[in-house]
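Top to bottom, those sequences are chains A and B. Residue numbers are given in numbering that gives the first Met the number 0: position 312 of the first sequence equals residue 311, and the series is strictly consecutive. Residue numbers are given in numbering that gives the first Met the number 0: position 701 of the second sequence equals residue 700, and the series is strictly consecutive.
Each hint should be verified, as a subset may be incorrect.
[Said to hold, decoys possible] In silico DMTMM-like links for lysine to aspartate or glutamate, alpha-carbon gap of 25 Å or less: (1) B:47 with A:268; (2) B:129 with A:158; (3) B:147 with B:117.
Just so you know, the hints here were simulated from the structure itself, not pulled from any lab data.
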Amino acid sequence: MGGYLKKFTKFMEEMYSRKVLFGVPLVKAGPKEGESKGLFAKGGFDIIFLILVCVLLTIGIIMMFSASYISAKYSYKTNYDALYYFKRQAIFAVLGVALMLAVSKINYNMFRDVAPYLFGISLILLLLVLIHPATIEGKDNIKRWLQIPIIKMNIQPSEIAKFGLIMFLAWSFERHQKLLEVYGTKASIAYIGIVGMFALLVYMEDHLSGAILMAGIGVIICFLGGTDWRIYAIGIVVVALAVIIVISAPEKIIKGYMAERINSWLVKDYEDTGSRWQTNQSLFALGSGGFFGLGLGNSKQKYLYLPEPQNDFIFAIVGEELGFLGCTIIIILFGLLVFRGFQIAMKSRSTFGRLLVMGIVTQIGLQVILNIMVVTDTLPNTGISLPFFSYGGTSLMMLLFEMGVVLSVSRSSRINKNLKA
Amino acid sequence: MAQKKRTRITRKEINTRSIVVLLVLTFLFLINVGSLVNVQLIKNDTFKTYAEKNQLEDKAISARRGTIYDCNMNVLAQSASVWRVYVNPNNFTLNSDEFNTYAIECVCQNLSQILEIDKDALKEKITKYKDLKYIVAKGKVEKTQKDKVSELLTTPITMTVKNSKGKDEEKSVYYSYYIGIESDIKRYYPDGNLASTLLGFTGSEDEGRYGIEFAYDNVLTGTDGRMIYSNSAMNKNTALEFESTYDAVPGSNIVLTIDETIQRYLDDALEQCYIDSYCETCYGIVMDVKTGAILAMSAKNDYDPNSPSEIKDERLLKNLIEIKDAKERENYEVEARAQQWSNNAISDVYEPGSVFKLITLSAAIEEGEQLESLVCGGHIQIEDRLYYCHNRGGCGNETLNQGLANSCNPYYITMGQRLGINRFNKYFEAFGFTEKTGIDLPAEANPVAGVTYHKFDEMSRVNLASSSFGQSFAVTAIQMLTAVNAIGNGGKLMQPYVVAKTLDSNNNVISKTTPVVKRQVISESTSKRVLEAMVETVKTGTAKNAYVAGYNVAGKTGTSDKLTKKGQCIASFAGIAPADNPEISIIIVVDEPQGAVGGGAVAAPVAAEVIENTLTYLNFKRNYNNDELAKQNIAVPNFVGSDASSVLSSANESGLTIKVIGEGKTVISQCPAYGQFIPQGGIVAVYTQEDSDKYMITVPDFTGMTVATATTTAAQYGLNIKISGNSLQSAGLTAYRQSIEKNTKTEYGSTVTVYFKTNTGITDG
Numbered sequence: 000m001g002g003y004l005k006k007f008t009k010f011m012e013e014m015y016s017r018k019v020l021f022g023v024p025l026v027k028a029g030p031k032e033g034e035s036k037g038l039f040a041k042g043g044f045d046i047i048f049l050i051l052v053c054v055l056l057t058i059g060i061i062m063m064f065s066a067s068y069i070s071a072k073y074s075y076k077t078n079y080d081a082l083y084y085f086k087r088q089a090i091f092a093v094l095g096v097a098l099m100l101a102v103s104k105i106n107y108n109m110f111r112d113v114a115p116y117l118f119g120i121s122l123i124l125l126l127l128v129l130i131h132p133a134t135i136e137g138k139d140n141i142k143r144w145l146q147i148p149i150i151k152m153n154i155q156p157s158e159i160a161k162f163g164l165i166m167f168l169a170w171s172f173e174r175h176q177k178l179l180e181v182y183g184t185k186a187s188i189a190y191i192g193i194v195g196m197f198a199l200l201v202y203m204e205d206h207l208s209g210a211i212l213m214a215g216i217g218v219i220i221c222f223l224g225g226t227d228w229r230i231y232a233i234g235i236v237v238v239a240l241a242v243i244i245v246i247s248a249p250e251k252i253i254k255g256y257m258a259e260r261i262n263s264w265l266v267k268d269y270e271d272t273g274s275r276w277q278t279n280q281s282l283f284a285l286g287s288g289g290f291f292g293l294g295l296g297n298s299k300q301k302y303l304y305l306p307e308p309q310n311d312f313i314f315a316i317v318g319e320e321l322g323f324l325g326c327t328i329i330i331i332l333f334g335l336l337v338f339r340g341f342q343i344a345m346k347s348r349s350t351f352g353r354l355l356v357m358g359i360v361t362q363i364g365l366q367v368i369l370n371i372m373v374v375t376d377t378l379p380n381t382g383i384s385l386p387f388f389s390y391g392g393t394s395l396m397m398l399l400f401e402m403g404v405v406l407s408v409s410r411s412s413r414i415n416k417n418l419k420a
Numbered sequence: 000m001a002q003k004k005r006t007r008i009t010r011k012e013i014n015t016r017s018i019v020v021l022l023v024l025t026f027l028f029l030i031n032v033g034s035l036v037n038v039q040l041i042k043n044d045t046f047k048t049y050a051e052k053n054q055l056e057d058k059a060i061s062a063r064r065g066t067i068y069d070c071n072m073n074v075l076a077q078s079a080s081v082w083r084v085y086v087n088p089n090n091f092t093l094n095s096d097e098f099n100t101y102a103i104e105c106v107c108q109n110l111s112q113i114l115e116i117d118k119d120a121l122k123e124k125i126t127k128y129k130d131l132k133y134i135v136a137k138g139k140v141e142k143t144q145k146d147k148v149s150e151l152l153t154t155p156i157t158m159t160v161k162n163s164k165g166k167d168e169e170k171s172v173y174y175s176y177y178i179g180i181e182s183d184i185k186r187y188y189p190d191g192n193l194a195s196t197l198l199g200f201t202g203s204e205d206e207g208r209y210g211i212e213f214a215y216d217n218v219l220t221g222t223d224g225r226m227i228y229s230n231s232a233m234n235k236n237t238a239l240e241f242e243s244t245y246d247a248v249p250g251s252n253i254v255l256t257i258d259e260t261i262q263r264y265l266d267d268a269l270e271q272c273y274i275d276s277y278c279e280t281c282y283g284i285v286m287d288v289k290t291g292a293i294l295a296m297s298a299k300n301d302y303d304p305n306s307p308s309e310i311k312d313e314r315l316l317k318n319l320i321e322i323k324d325a326k327e328r329e330n331y332e333v334e335a336r337a338q339q340w341s342n343n344a345i346s347d348v349y350e351p352g353s354v355f356k357l358i359t360l361s362a363a364i365e366e367g368e369q370l371e372s373l374v375c376g377g378h379i380q381i382e383d384r385l386y387y388c389h390n391r392g393g394c395g396n397e398t399l400n401q402g403l404a405n406s407c408n409p410y411y412i413t414m415g416q417r418l419g420i421n422r423f424n425k426y427f428e429a430f431g432f433t434e435k436t437g438i439d440l441p442a443e444a445n446p447v448a449g450v451t452y453h454k455f456d457e458m459s460r461v462n463l464a465s466s467s468f469g470q471s472f473a474v475t476a477i478q479m480l481t482a483v484n485a486i487g488n489g490g491k492l493m494q495p496y497v498v499a500k501t502l503d504s505n506n507n508v509i510s511k512t513t514p515v516v517k518r519q520v521i522s523e524s525t526s527k528r529v530l531e532a533m534v535e536t537v538k539t540g541t542a543k544n545a546y547v548a549g550y551n552v553a554g555k556t557g558t559s560d561k562l563t564k565k566g567q568c569i570a571s572f573a574g575i576a577p578a579d580n581p582e583i584s585i586i587i588v589v590d591e592p593q594g595a596v597g598g599g600a601v602a603a604p605v606a607a608e609v610i611e612n613t614l615t616y617l618n619f620k621r622n623y624n625n626d627e628l629a630k631q632n633i634a635v636p637n638f639v640g641s642d643a644s645s646v647l648s649s650a651n652e653s654g655l656t657i658k659v660i661g662e663g664k665t666v667i668s669q670c671p672a673y674g675q676f677i678p679q680g681g682i683v684a685v686y687t688q689e690d691s692d693k694y695m696i697t698v699p700d701f702t703g704m705t706v707a708t709a710t711t712t713a714a715q716y717g718l719n720i721k722i723s724g725n726s727l728q729s730a731g732l733t734a735y736r737q738s739i740e741k742n743t744k745t746e747y748g749s750t751v752t753v754y755f756k757t758n759t760g761i762t763d764g
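Take these sequences, add in the hints, and give me the full structure.
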């Protein structure tokens, strides 16, 4: 008993001194040589990345408008206003771009100091949402939102927590670098444990897709951060086995609607009008599109077949209107965005900057991949939105904020030719 | 230390791992692309088909059903545009419950008022089928009601509702969100009952149910057009945003061989017969001798195809009311409907009786039998059966003509026995009594050996005896007429038909029926000889009542006891006119007439009336013999403008009786008008004063009068009489009908046609 108390006291002392943790010295972190020192970043940002963001955002808004037009026009929820979703998304896009540009001007080194706090806030929010979720009209069974008092705005803690986790891991892998060197596998497992905790909290919201995404991003950053690679080798085998077991008998292992979704994904009944309805309509839309598509605005499936075509299944309408050709171009654009992000990251001057950017673009990449997998029925229907395309004001703002962070890092990255010289 | 080195995090390490992650992501993106290849390029046809099946509602646009014309392109049946009003129950589930309930109430209230339908029933239907997007509120809506609904569609349903923040809010949804109108088609039969049993009628789905409508259903039915529109989950209005229409191809039109005018003559005559003879049913057919085309076909009682289920016949209605048991009454109603819909002329079989003697006679002449001197002793014994002649005293030695004119059974039994079973059956078969005639109408009765007629190999001599005068087997009217028609057609048996042509919607000919000669049954000379005997029968024999002055009518009556009902009989007449150049053949069958029962008394006058009207209508010249000539009518000269006194003097020369009405000197108008035909010595009224009223008289009742009394009575009343029907030299003629009803007022000098028939010397077998 006394031993534990002693250990705890020592841990608290270490935390307070901010110099050692578990007897391992911390790495001094701050602006590197050639980086701005103040609040604002100097130097130009990566124009290619900005162009990619703007192109995707523009295509996204146009397609969101096309997809939502009919469902908005004939829904009493929007008061029969065809432009309802478009107007809102456009306003958020404008605000978001402004936010992105503003954030890009901030010296990313400032985020380093915020990281542990954001981590704490994320944890608290994830717990809060489990205790007191806000309900949204028409989606009574989903408990993913928290209502901010006074302004009565609904936020998704998991969205914030994703960014919080990325930032925390980036910060920690830089600051506690020696920890990993000393404790090796043990430390690696601890990191995976933190990621697992986040994912579990999100899973407890009945938000499987969010949990998967959270785990995916976390695990990838952990891998990038230098944790023991053997964990991943074992992990892949474990996950593969788990998937095989779940697929073989879904209803025995997981509960309720998820098992049903997995079952309907396995059976692939195209006449089904129940749990597969949305997936089937999505496939019908994509199939109708063929190679060249029906042309912009000519989707038929958006005529109230595909429920909420402006949300998670927007890519189906994209596929119907722009065809395989358009879809592939959009996937390539997303791929380029991710690739450019990695380029910026790899030439970044600090580990924090590197992992932060990699984490952000990996999140986008994973979201796109999982979304398209769902839309094409490669994975069971989960509910992951498509960045830049799916309707949602706060998530668009969040996304553009993150893009701003990437741009901020790019200002001091060696990818910037001006600085290279 | 080695372990430490491996886990040491360098920039290089991170970048190496970055490349691994990039490769993994790239791989996953490629999986995405692969999935798209699978869905959009490989399986796209399957999915596209599913998509179209789902999203495209395929609504039929009713093709206009073809028109049915008579041979002179008069419309007998035609489809007209009406509308159908439907409701979208699914749209009542899309707003708040409170609003939905209110909207249902508004919609049901207004529709029930405009369309005159049951409000609660509609409400129930909407609630019950709330998953459907289409239920019919009312079909076959006429324009006035449709216009009212159209107006309703442009108005909103408005209600104050609480919004999500709990505030009051005006909510309004247009009626068009719930109600729609589409075009529909209704079948009209402008002539009502006329030819109804032949035409048939259509059901609620515009499908032919009986008669021509049924037989030619696929010709008359067009190809429905399609309207393809987005079957969106929410609103019919989305249809405006994408839809395509494939026009309906209207059905072909049909031109019948039926002549509306002749059909009306037959219909009217049969209707009168139905009333007068109080029969169960009566039916008749008029055929074009040379082609086998049906000019008219009618069966009484019939129905109005505009409302085929309605029982209008007074007798049936009376019976119906008398039935107390509800179930029994329902059964009777069903039977009554079936009866009025049935085309007895082709569906009913009856024993032809003496009319069939024409066939036996044809066979015997064709086979060269000696027929000019056969003896009737009043009865004849065949094996154990004794057959009597209606003339119990015996007809004595009879010639061929006499044998037929007397309708002497022993004469024909002898003839039949001489022919023998084989030769008799050869002609029985040749004349088409063992097969359907093949007329292009549904429900023709099918002859069955052993049931409707004797099996040839089992036929006895007794069977042969009764068969030779038309009993112990049954035929349809169309079979009998087709056989008799062959006698008028130089021995050629025709296939009867009613459809002359089919036309496309622009009245271009698609197909034309060419008459079909089935076979030569008897030689031309035989047919001439039989016709001659038939003419004699009408002139002097049992078919006297079929005599029409100036038209050489050939015919034969028949009366057969009904085996199924004791004491009841079937009276019939079959004839050909004019005999010297046969144009039409006719058959009239009266089932269970009451009172005067024979074919000569009941059926022949009907035929005479139809023949006279038809041949007149077809512009056949009357060839009067001397007797007839004496009684021929004369044309009224023109008196208008002449001096009243000179009119009187000239009248004496012409033999007319003139009555001058008024004080004036000059004739202003006259009745009958100039050029009209009146009997010699007829009456003409001339008016000399502008303001003088027409001189009116009351028409007397002529029925029961002889020709002489009727003529005198007419003269006394100031009426011109036209004598119709029967052979003029025949004795014992009495009037049975008149063209102007008794006790009605008519102008002095009007012409009244009085129909005469005889009741003596017309009894047959």
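Hint by hint, here is what the structure shows:
1. B:47 with A:268: Holds: residue 47 of chain B and residue 268 of chain A sit about 15 Å apart, inside 25 Å.
2. B:129 with A:158: violated, 40 Å
3. B:147 with B:117: This hinted pair holds, its Cα atoms lying about 17 Å apart.
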